[in-house]
Amino acid sequence: MGGCAGSRRRLSDSEGPLLFPLPGEEADPAPRPPPQDRQGAHWKNAVGFWLLGLCNNFSYVVMLSAAHDILSHQRAPGNQSHVDPDPTPTSHNSSSRFDCNSVSTAAVLLADILPTLVIKLLAPLGLHLLPYSPRVLTSGMCAAGSFILVAFSHSVGISLCGVVLASISSGLGEVTFLSLTAFYPRAVISWWSSGTGGAGLLGALSYLGLTQAGLSPQHTLLSMLGIPTLLLASYFLLLTSPGPQDPGGEGEADTAARQPLINSEAPESKPGSSSHLSLQERWTVFKGLLRYIVPLVLVYFAEYFINQGLFELLFFRNTFLSHAQQYRWYQMLYQAGVFASRSSLRCCRIRHTWALAFLQCLNLAFLLADVWLSFLPSIYLVFLIILYEGLLGGAAYVNTFHNIALETSCEHREFAMATACISDTLGISLSGLLALPLHDFLCQLS
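Be aware that the sequence shown starts at 1, since it is given in UniProt numbering, and climbs by one per residue.
Calculated directly from the structure, the hints in this document are not laboratory data.
Check before you lean on any hint, since a few could be wrong.
[Claimed, not checked] SDA-like mimics (lysine to any residue), calculated; alpha carbons at most 20 Å apart, straight line:
| # | residue 1 | residue 2 |
| --- | --- | --- |
| 1 | K44 | S343 |
| 2 | K44 | L232 |
| 3 | K287 | L406 |
| 4 | K44 | T229 |
| 5 | K44 | K287 |
| 6 | K44 | S241 |
| 7 | K44 | L230 |
[To be verified] Computed Cβ-Cβ distance ranges for the label pairs, DEER-style:
| # | residue 1 | residue 2 | range |
| --- | --- | --- | --- |
| 8 | F441 | N318 | 23 to 29 Å |
| 9 | Q280 | R349 | 43 to 49 Å |
| 10 | A213 | M141 | 26 to 32 Å |
| 11 | F286 | Q444 | 38 to 44 Å |
| 12 | G226 | W283 | 39 to 45 Å |
| 13 | F316 | H276 | 54 to 60 Å |
| 14 | G226 | L384 | 30 to 36 Å |
| 15 | R351 | L121 | 23 to 29 Å |
| 16 | L237 | F320 | 42 to 48 Å |
| 17 | R351 | L384 | 34 to 40 Å |
| 18 | F441 | R349 | 39 to 45 Å |
| 19 | H352 | R38 | 33 to 39 Å |
| 20 | C347 | L290 | 27 to 33 Å |
Ideal Cβ positions, reconstructed from N, Cα and C, are used throughout, including at glycine.
With the hints as constraints, model all of the structure from the sequences given.
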């Protein structure tokens with residue numbers, strides 16, 4: 001199925017004002033628009049969801065790319081930049097063979113992900129009662145606030161408050177826009193995923209490029225304030241009203257592969273009752289989702305344990321790149337891999353996402369062994385491994401949500417998408433909690 005034509009509504013009348021007038025409630029359905037209009041709407045929605053994915057994850061990615069700078073925090077008197085664009089590496093633990101900050105970059109990761117985790121845990125319980133428009137406005141304002149607060153911060157604590165705002169923006173936006181895909185053809189999931197991958201690449205690359213070019217981190221962050229505006233414009237001006245649509249390109253192979261998450265013994269729901277599922281129905285849907293949630297949790301646990309627990313410790317002294325520059329390159333290459341694989345759904349689909357989880361855990365074990373034993377002779381080998389790590393993570397994300405959209409009925413899809421998006425956040429949160437003590441332990445090694 002595509003966009004659940006029989007239940008296309010943003011929210012019921014009792015839940016708040018609608019953004020668009022939505023069809024499907026009358027006894028006689030509205031006539032189908034001409035093919036040209038449907039094609040135009042298709043591309044507007046495709047571009048709209050791509051831009052929403054891009055803008056939604058942008059601030060989150062930039063804060064992770066700036067994590068080393070935020071924690072270094074080498075503000076000189078009279079200097080308006082947050083840190084120098086290319087700071088001289090300062091070892092906070094001279095007895096260690098690592099060039100460690102006093103606090104792991106996992107601290108930034110936790111500030112960037114724990115608010116998102118709280119939002120996603122609460123979302124299935126009642127976020128659907130809030131209309132979509134206020135959610136999007138709140139997300140955009142929090143993203144703008146995060147850039148401003150970190151840019152003008154004079155302490156690590158205030159900077160972390162800015163990171164928290166970025167987390168609220170990203171988490172609220174992700175659960176909102178993934179739920180919104182339930183009312184559009186399933187193809188928009190691929191565009192959304194590609195956009196989130198693009199956010200990773202563009203966010204990491206723009207921060208790397210602007211700071212490498214000599215722009216201060218403060219001015220780099222302020223130059224990104226147009227992104228929240230683009231998010232609001234994409235939602236309010238570009239997306240079309242969801243109406244009766246074609247199934248979104250579902251072929252016979254997709255139909256044959258469909259394995260419903262809800263078996264025939266589960267209670268039936270009337271079309272359009274997504275926001276009014278009983279607790280028994282929600283629990284049944286959740287149990288069906290576990291075969292996708294668990295692998296995605298493992299994938300994101302492994303890759304963010306690498307990113308925020310090991311990147312800072314994978315420090316090569318025999319290279320022309322400073323420690324801060326190495327960290328930024330690691331982030332950029334990881335995001336490049338994520339973008340490539342999140343945009344690959346049309347040419348490569350993976351049903352058994354547990355295989356991606358297994359391969360990502362192997363990556364973690366290999367790089368952890370290298371941090372401990374230092375057997376890799378060149379940073380360029382680490383670059384290749386990190387690019388591969390990003391490819392696995394992006395593939396797990398896009399294929400998980402595609403498979404869920406394929407296997408859920410219209411009335412369950414909005415809840416299923418909102419629930420499953422907790423997977424990556426849970427894995428990231430667990431990795432951050434474990435990366436903090438690992439950082440302290442390894443930095444004590446001589």
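For each hint, the structure was consulted:
1. K44 with S343: Measuring from Cα to Cα gives roughly 18 Å; hence the hint holds.
2. K44 with L232: 15 Å, holds
3. K287 with L406: 16 Å, holds
4. K44 with T229: It holds: about 18 Å lies between the C-alpha atoms, which stays within 20 Å.
5. K44 with K287: The given pair, whose Cα atoms are some 35 Å apart, is violated under the 20 Å limit.
6. K44 with S241: It holds: about 11 Å lies between the C-alpha atoms, which stays within 20 Å.
7. K44 with L230: 15 Å, holds
8. F441 with N318: 23 to 29 Å: 25 Å, holds
9. Q280 with R349: 43 to 49 Å: With a Cβ separation near 32 Å, Q280 and R349 fall outside 43 to 49 Å, so the hint is violated.
10. A213 with M141: 26 to 32 Å: Distance hint for A213, M141 holds at roughly 29 Å.
11. F286 with Q444: 38 to 44 Å: 42 Å, holds
12. G226 with W283: 39 to 45 Å: 43 Å, holds
13. F316 with H276: 54 to 60 Å: 56 Å, holds
14. G226 with L384: 30 to 36 Å: 34 Å, holds
15. R351 with L121: 23 to 29 Å: 27 Å, holds
16. L237 with F320: 42 to 48 Å: 45 Å, holds
17. R351 with L384: 34 to 40 Å: Taking Cβ atoms as reference, R351 and L384 lie about 27 Å apart, which means the hint is violated.
18. F441 with R349: 39 to 45 Å: Distance hint for F441, R349 holds at roughly 41 Å.
19. H352 with R38: 33 to 39 Å: Given about 34 Å between the Cβ atoms, the range holds.
20. C347 with L290: 27 to 33 Å: 28 Å, holds
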